[in-house]
Amino acid sequence: MSGESVRKLAVLAAIWAALLLAPYWMPPLGGYTALGTRVLVLGLAAMSVNFLLGFTGVLSFGHAAYFGLGAYGAGLTLKFLAPSTPLSLLLGMLLGGVAGAILGALIVRRRGVYFAMVTIAFGQVFYYIAFQWSSLTGGDDGLRGFSRQPIDLGLFSINILSHANSFYYFVLFCFAIAVAVMGFILRSPFGRTMLAIRENERRARFLGIPVERHIWIAFTLSCFFMGFAGALYALVNNFADPRGLHYSQSGDFVMMAVMGGMRSFWGPLLGAAVFVVLQDYLSSVTVNWMSFVGLLFVLVVLFFPRGLLGVIRRKSEA
Amino acid sequence: MTQLLLFNVTNGLIIGAFYVLMALGLSLILNLSNVINFAHGGFLVLGGYIAYTITPYVGFWGALLIAPPLTAAIGLVVERVLIRPLYGRDPLYSLLLTFGLAFILEDGTRFIWGAQGKPVTVPAFLAQPLSYEFFFITGYRLFMVSVVIVTVALLFVLLRFTRLGIRIRAGTLDLETVSALGVNVRVLRSLNFAVGIFLAGLSGVLAAGQLGLEPTMGAGLLMPSFIAIIVGGVGSLTGTLLGGLLIGVASGVTAVFLPAASEAIMYVLMAVVLLVRPRGLLGEEGMMT
Amino acid sequence: MSKKSILGTFNRRTLIKGAATIGAMQVTSPFIIKALGETPVKIGMVDPLTGVYAAVAQNEVTGAKLALEQINAKGGILGRPIELLVEDSANDVGTGVQKARKLIERDEVTFIIGDVNSGIAQAIAQVSNEKKMLHVVSGGHTDTITGKDCKWNVYRVCNTTRMEANAVTELLYTKYGKKWHFITPDYAFGHTLQQAGSANLQKLGGTVTGNELTPLGTTDFSAYLIKARAANPDVLLVLPQGSDMVNCLKQIAQFGIDKQIHVAGLQQELESLEAMPPEARVGIWMFEWYWKQPGVPGVEQFVADIRKRNDGKVPTARHWFGFTSVHTLAGVANREKTLDSVKLAKALGNFELPPEVKLQPNKCYYRSGDHQLMTSAFVGEALSKPAGDPEDLFRVDQVIAGDKTAPAESDTGCTVTWPA
Chain A
1 MSGESVRKLA VLAAIWAALL LAPYWMPPLG GYTALGTRVL VLGLAAMSVN FLLGFTGVLS
61 FGHAAYFGLG AYGAGLTLKF LAPSTPLSLL LGMLLGGVAG AILGALIVRR RGVYFAMVTI
121 AFGQVFYYIA FQWSSLTGGD DGLRGFSRQP IDLGLFSINI LSHANSFYYF VLFCFAIAVA
181 VMGFILRSPF GRTMLAIREN ERRARFLGIP VERHIWIAFT LSCFFMGFAG ALYALVNNFA
241 DPRGLHYSQS GDFVMMAVMG GMRSFWGPLL GAAVFVVLQD YLSSVTVNWM SFVGLLFVLV
301 VLFFPRGLLG VIRRKSEA
Chain B
319 MTQLLLFNVT NGLIIGAFYV LMALGLSLIL NLSNVINFAH GGFLVLGGYI AYTITPYVGF
379 WGALLIAPPL TAAIGLVVER VLIRPLYGRD PLYSLLLTFG LAFILEDGTR FIWGAQGKPV
439 TVPAFLAQPL SYEFFFITGY RLFMVSVVIV TVALLFVLLR FTRLGIRIRA GTLDLETVSA
499 LGVNVRVLRS LNFAVGIFLA GLSGVLAAGQ LGLEPTMGAG LLMPSFIAII VGGVGSLTGT
559 LLGGLLIGVA SGVTAVFLPA ASEAIMYVLM AVVLLVRPRG LLGEEGMMT
Chain C
608 MSKKSILGTF NRRTLIKGAA TIGAMQVTSP FIIKALGETP VKIGMVDPLT GVYAAVAQNE
668 VTGAKLALEQ INAKGGILGR PIELLVEDSA NDVGTGVQKA RKLIERDEVT FIIGDVNSGI
728 AQAIAQVSNE KKMLHVVSGG HTDTITGKDC KWNVYRVCNT TRMEANAVTE LLYTKYGKKW
788 HFITPDYAFG HTLQQAGSAN LQKLGGTVTG NELTPLGTTD FSAYLIKARA ANPDVLLVLP
848 QGSDMVNCLK QIAQFGIDKQ IHVAGLQQEL ESLEAMPPEA RVGIWMFEWY WKQPGVPGVE
908 QFVADIRKRN DGKVPTARHW FGFTSVHTLA GVANREKTLD SVKLAKALGN FELPPEVKLQ
968 PNKCYYRSGD HQLMTSAFVG EALSKPAGDP EDLFRVDQVI AGDKTAPAES DTGCTVTWPA
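Protein chains in written order, with this note's numbering: chain A, 1 to 318; chain B, 319 to 607; chain C, 608 to 1027.
Don't take each hint at face value.
Residues from chain B that keep clear of chain C, each with C-beta distances beyond 12 angstroms, as calculated [said to hold, decoys possible]:
#: 1; residue: V376
#: 2; residue: L383
#: 3; residue: V399
#: 4; residue: Y405
#: 5; residue: V468
#: 6; residue: A471
#: 7; residue: V475
#: 8; residue: S497
#: 9; residue: L506
#: 10; residue: L539
#: 11; residue: S580
#: 12; residue: V586
Using 25 angstroms as the maximum straight-line C-alpha spacing, the simulated DSS-like pairs for lysine-lysine come out as follows [what the hints assert, rightly or not]:
#: 13; chain 1: C; residue 1: K866; chain 2: C; residue 2: K834
#: 14; chain 1: C; residue 1: K920; chain 2: B; residue 2: K436
#: 15; chain 1: C; residue 1: K782; chain 2: B; residue 2: K436
#: 16; chain 1: C; residue 1: K785; chain 2: C; residue 2: K834
#: 17; chain 1: C; residue 1: K953; chain 2: C; residue 2: K970
#: 18; chain 1: C; residue 1: K1011; chain 2: C; residue 2: K899
#: 19; chain 1: C; residue 1: K649; chain 2: C; residue 2: K738
#: 20; chain 1: C; residue 1: K649; chain 2: C; residue 2: K992
#: 21; chain 1: A; residue 1: K79; chain 2: C; residue 2: K755
#: 22; chain 1: C; residue 1: K755; chain 2: C; residue 2: K1011
#: 23; chain 1: C; residue 1: K738; chain 2: A; residue 2: K79
#: 24; chain 1: C; residue 1: K834; chain 2: C; residue 2: K782
#: 25; chain 1: A; residue 1: K79; chain 2: C; residue 2: K782
#: 26; chain 1: C; residue 1: K738; chain 2: C; residue 2: K950
#: 27; chain 1: C; residue 1: K786; chain 2: C; residue 2: K915
#: 28; chain 1: C; residue 1: K1011; chain 2: C; residue 2: K970
#: 29; chain 1: C; residue 1: K758; chain 2: A; residue 2: K79
#: 30; chain 1: C; residue 1: K953; chain 2: C; residue 2: K758
#: 31; chain 1: C; residue 1: K915; chain 2: C; residue 2: K755
#: 32; chain 1: C; residue 1: K915; chain 2: B; residue 2: K436
#: 33; chain 1: C; residue 1: K786; chain 2: C; residue 2: K755
#: 34; chain 1: C; residue 1: K899; chain 2: B; residue 2: K436
#: 35; chain 1: C; residue 1: K782; chain 2: C; residue 2: K810
#: 36; chain 1: C; residue 1: K782; chain 2: C; residue 2: K992
Stretches of chain C that chain A covers, calculated by requiring three or more beta carbons in the stretch to come under 8 angstroms of a beta carbon on chain A [unchecked claim]:
#: 37; stretch: 702 to 708
#: 38; stretch: 726 to 737
The set of hints was computed from the structure by calculation and includes no laboratory data.
By construction, the Cβ of each residue, glycine as well, lies at the ideal position given by its N, Cα and C atoms.
All chains, full assembly: derive it from the sequences and hints.
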């Protein structure tokens, strides 16, 4: 095995070790398990945005809409259809993914700033629907009255409702599946094509690659992942609310991806961890935490555009 | 019913006029610099608060004249320090930066002026309805519409007949050539940004007279501006003008039949335009691809 | 370029490392402090300190902090000092739930207070119920909190929408007339408020000429006002709150509608009145608490104490909510001499607030059937010209006791199920 792949394997092992042991090393540092669960879910969302942003080069700034749709899908399933956690995850994911597929088809021809604007506007449409259709979604008050159900595995059931650690591991398990699928796709020929489109769209087109169709597929796939993350989020809160669909939530996800490092697979997770922990800590310490978060955005954009992993990579290359 | 409809169309035009003012500023900045200014709402609020602060000293009219240029000056500094470094880069970065800037502006106004809403009084002679019949056309709203009309006229004069304006328009189409022709593009962008922020500040002063002034009001006014630009067509200021008026009227008319949908109609309009004519009503093909 | 040499090897990496160290120290320091000194009783408070409800939320916190000082001066809870841990829910449910979990799991609070936003209050109630922790909802108004979603561990201080409607409707009917037109904010609070109001109106024999549902955050009410005017009612009921209320009343005044139709509403707050220009301060309203209560014991002292902490401004109902929440928890714990949630929750049934806490003329107690505080309604009229003090913007005509405005316990839909 070459030094490069040994190093990669070591990094991967370290990441998984940290994730698996989180409920144990977090509390002594002033953390709490629920924080870790939140990092996982938002990290998955950031990675889903990065699937599009970092790997295909497409900027969608309204992606939280599919996240929110996933949350509502899961919530509505648990509330009205069946008290089954796996079903809620499935339907949440489907809702986000299908919406993404439909909308993606409408906007793939646009690029750059205009594309971003349209994704923001479309994202807001869903926010608005969730806000207004209060008879179904609970409107501003949000969707309540459901909670994550214990997983019945036949022989025994896992109580993920009241046991914080069990829920954390459940979410970690779902995260692992999603991440594995994502990694698989990125390593496949389709993933290679996405990278080609990111690097030079015109050349990719000259090579005969149906660029629009690939972008649409990438968009749809990332929306499925977003929907899944959103469904998990609904389970974290036992609640779904319109703010999860708002463009400011989208902005947070993009920032997590950028802050962690857009060009890397795990970057967004790191970005999410830093962002969530920072926001959690800052908002307890000062009422003006928004200024600091805004300042963080500004500083990252101006001085650390390649993100934390970009800085680390440069250090190792130097 | 026809009277109700007529009233609402007129009312919609008044609302639309306000959207136009806000959207034009956003559009100017977008067209030339390729920057989606998420902080536009924040500058609007800033303009309103500056007006509130200086009104006791210079009166309402003084505030109207002084607050927008002051806001534009702050915008100039922001552009120079924060946005200029990002021009060569992916539009993602300016998006994120203005997004963070919006946070800073909202929290900053809350920090300086407090979370409590501030009362802004307009001169008494304006706060009167035109007549018993047309009660919704108050002197202040008429005043607001006239300010918008004058401003839009001046803007078009600026763009059509002054050197700065011609350069801005040329730059919107082909910035590289404009630069090759010897124009200082950096200064051009700064000035363009300042004009855009001036319009935001002016909107803020006008809004303060009409609405309660509080730190979070900027965000809600940003979305209609976006939609006005998309509906009207990115790259076309006349389109933005039309878009703003259109969504204002649509909103007003919908309020007659289905009040809950009066805001949703803007999004529906946008979706329809995107489906039927993706470049917008007056947009040019190839703009912003 | 000379800057580089002055700063030496200082660079970005050092900055990051330094920040990380400081950050780590901050995070671990509470762990160190815990080892020293007396263990305080911690009360967690979750409120939207940023966002549209920032003004009222921050006032709640100020009131709570005053209560904290007063209680600590008298020995705290069971001889231990109280510590108030305030977290910002940022008007977002995810954040609110996360902060609640943080307070409960990491900070190990004994009690929890919050949230102004009813939706977040209910989401937090699910967490507090799961963790079997006593939870006082200070400022969330939605009826179901002490109605069909009531929980054994949740008590609420502020009024329900039905209480508010019951307080004002009869007065409006007899004084102003029978045809009412509603402007209703389109969310649960608005819906229940309007339903309660129109139900009462119809019982009295009046008619509803229309109900305009306005989306939250509406800035321009002109379309709705045009319709309202066309319907020619006797009374125009303005139900939106916060900045929506301010915008609506401003526009009503500008359109001169208040000169043609009586303007009224079912809930009003001093924060909103203060954000309006004088000509917009019209109408008959109900306040949940008001600072000008001559002759009522304790009020003047409270006003003076809050003024000292609030830049000289008087307390609003929101200050009183936060104040009462903390005093409730300390009061019942000290009386029962325990911190056990179930025992305290049971003891809070019929718990009466002492005069220096209730700060109102009528008896003020928590009803055991629905866990709702029977607090009075202050009905009166908004004043465009302040009566003396620049913040005296409301003239109180009636103070109606809570148990007169509240529907019967059996009528609320609440059945409290206690843990086994």
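Results for each hint:
no.	hint	result
1	V376	holds (18 angstroms)
2	L383	holds (21 angstroms)
3	V399	holds (17 angstroms)
4	Y405	holds (23 angstroms)
5	V468	holds (21 angstroms)
6	A471	holds (24 angstroms)
7	V475	holds (29 angstroms)
8	S497	holds (28 angstroms)
9	L506	holds (29 angstroms)
10	L539	violated (7 angstroms)
11	S580	violated (7 angstroms)
12	V586	holds (14 angstroms)
13	C:K866 - C:K834	holds (17 angstroms)
14	C:K920 - B:K436	holds (14 angstroms)
15	C:K782 - B:K436	violated (32 angstroms)
16	C:K785 - C:K834	holds (18 angstroms)
17	C:K953 - C:K970	holds (20 angstroms)
18	C:K1011 - C:K899	holds (22 angstroms)
19	C:K649 - C:K738	holds (15 angstroms)
20	C:K649 - C:K992	violated (44 angstroms)
21	A:K79 - C:K755	holds (16 angstroms)
22	C:K755 - C:K1011	holds (21 angstroms)
23	C:K738 - A:K79	holds (22 angstroms)
24	C:K834 - C:K782	holds (24 angstroms)
25	A:K79 - C:K782	violated (45 angstroms)
26	C:K738 - C:K950	holds (15 angstroms)
27	C:K786 - C:K915	violated (45 angstroms)
28	C:K1011 - C:K970	holds (11 angstroms)
29	C:K758 - A:K79	holds (19 angstroms)
30	C:K953 - C:K758	holds (12 angstroms)
31	C:K915 - C:K755	violated (40 angstroms)
32	C:K915 - B:K436	holds (21 angstroms)
33	C:K786 - C:K755	violated (31 angstroms)
34	C:K899 - B:K436	holds (22 angstroms)
35	C:K782 - C:K810	holds (16 angstroms)
36	C:K782 - C:K992	holds (22 angstroms)
37	702 to 708	holds (count 5)
38	726 to 737	holds (count 5)
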